[in-house]
Amino acid sequence: MLRTVRHALSVGMLAGLAAACATAPPPKATGSASGAGGYKVGNPYQIGDTWYYPHEQPDYDETGIASWYGPTFYGKQTANGELYDGDGLTAAHRTLPMPVNVRVTNLDNGKSVVVRVNDRGPYAKGRIIDVSKHAAELLGFYAKGTARVRVTYLGRAGVPGGEPARDDTAPVLAKALRAVPAGRVETASLEVPETASIASPPPPPVQVASLSPPPPRESPPPAAPDTDQPDGEVTTVPVPAETHLYVQAGAFSARDNAERLKASLASTDLFISPVEREGKRLYRVRSGPYEDLEAANAALARLTGLGNNDAQIVVDQ
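For what it's worth, the numbering used here labels the leading residue of the sequence shown as 3, then goes sequentially.
Simulated from the structure, these hints should not be mistaken for lab results.
Bear in mind the structure is a predicted one, so any value in this text is a computation, not a measurement.
For each residue, glycine too, the CB sits at the ideal point set by N, CA and C.
Be careful, since some hints might not be right.
Stated by the list, open to error - Simulated restraints on C-beta separations:
hint	residue 1	residue 2	range
1	142	268	38 to 48 Å
2	60	273	26 to 36 Å
3	256	231	42 to 52 Å
4	283	77	48 to 58 Å
5	296	268	17 to 27 Å
6	233	281	35 to 45 Å
7	142	261	33 to 43 Å
8	233	303	37 to 47 Å
9	270	231	47 to 57 Å
10	265	231	41 to 51 Å
11	258	296	30 to 40 Å
12	257	291	13 to 23 Å
Given these sequences and hints, build the entire structure.
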């Protein structure tokens with residue numbers, strides 16, 4: 003659902019619920035007023051100082067903070083033209099195509115469920131996905147309002163009428179800068195890649211190697227739709243006994259680039275954390291660890307204030 007302003011929840015509800023609804027004005031909604039919806043990638047858009055670049059992401063897999071959105075948006079149009087139902091199993095994501103199915107795993111309790119991305123959001127800097135009220139209940143964080151999660155792409159979701167329609171903007175978007183670069187974190191127990199940055203590329207002279215555009219192509223790769231709708235089945239998977247929050251400013255294949263970013267931000271909180279992934283070394287510029295979301299949000303605000311709009315909160319051990 004495209005949103006103009008996120009509202010606080012009703013007076014008397016838990017404070018944690020209100021934390022799930024903070025956001026910024028989204029781009030204008032488009033789509034059928036009937037709520038039938040359709041498959042789309044979408045155009046690049048800007049929220050505040052940050053640009054987002056929707057694109058095909060079949061290898062999407064990242065950790066971060068999830069929140070949920072509820073009654074304020076019931077019956078309103080989502081970003082792909084459907085109607086939002088808080089009792090459904092849907093979600094909002096900044097850059098994934100719509101609709102697609104993703105698996106959301108709560109890293110606090112191991113509960114995992116499939117949801118259907120059909121909306122844009124969240125626009126709060128510290129979050130990676132907004133799920134429906136029902137999905138938050140199944141994942142066990144409805145009362146708390148937020149959770150540490152892993153989000154993994156599964157495939158295109160079915161749309162009314164069968165095959166996903168070709169998105170006319172896809173050839174252009176295929177040449178745009180990636181909103182979610184390929185740099186990731188990998189740990190033995192989580193086995194979760196972690197995104198280096200979201201949104202606009204960092205200012206010169208620092209250049210993130212993983213922000214280079216994908217090879218041009220005339221049309222998006224063919225993909226069979228996953229016509230099965232999420233069925234609400236909750237599985238429980240092994241998760242680490244303890245996780246921590248970090249704020250990541252960027253990730254680079256060359257240490258010199260990581261050093262330059264760290265120096266340009268002039269923050270004593272930052273350090274460079276190398277990680278091996280598929281035989282290649284990645285240099286992450288991050289601060290932390292933080293034990294609670296309030297501290298991580300404060301650190302994220304500090305980095306954003308220094309001009310690093312790509313910084314985001316990630317979950318690691």
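Can the suggested window of 38 to 48 Å be confirmed for the beta-carbon pair residue 142 and residue 268? Holds - the Cβ-Cβ distance for residue 142 and residue 268, about 40 Å, lies within 38 to 48 Å.
Could you see if the CB distance from residue 283 to residue 77 stays within 48 to 58 Å? Between residue 283 and residue 77, where Cβ atoms are some 50 Å apart, the hint holds.
Just tell me: holds or violated, for the beta carbon distance of residue 142 and residue 261 against 33 to 43 Å? holds, 41 Å
37 to 47 Å was suggested as the range; check whether the CB atoms of residue 233 and residue 303 agree with it. Since the Cβ atoms of residue 233 and residue 303 sit about 39 Å apart, the hinted range of 37 to 47 Å holds.
Whether the CB-CB distance between residue 258 and residue 296 falls inside 30 to 40 Å: holds, 34 Å
Outcome for the supplied range 47 to 57 Å, where the beta carbon pair is residue 270 and residue 231: Cβ of residue 270 to Cβ of residue 231: about 49 Å, so the range 47 to 57 Å holds.
Range first: 26 to 36 Å. Now tell me if the beta carbons of residue 60 and residue 273 are that far apart. Given a distance of about 32 Å, which is inside 26 to 36 Å, the answer is holds.
Starting from the range 41 to 51 Å, see whether the pair residue 265 and residue 231 falls in it by beta-carbon distance. holds, 49 Å
Is it true that residue 296 and residue 268 lie within 17 to 27 Å of each other by Cβ? Given about 24 Å between the Cβ atoms, the range holds.
Should the hint that residue 257 and residue 291 are 13 to 23 Å apart at their CB atoms be regarded as holding? Given a distance of about 21 Å, which is inside 13 to 23 Å, the answer is holds.
Tell me if the beta carbons of residue 256 and residue 231 are separated by a distance inside 42 to 52 Å. holds, 44 Å
Does the Cβ distance between residue 233 and residue 281 fall inside 35 to 45 Å? holds, 38 Å
The structure is consistent with each of the numbered hints, conforming to all of them.
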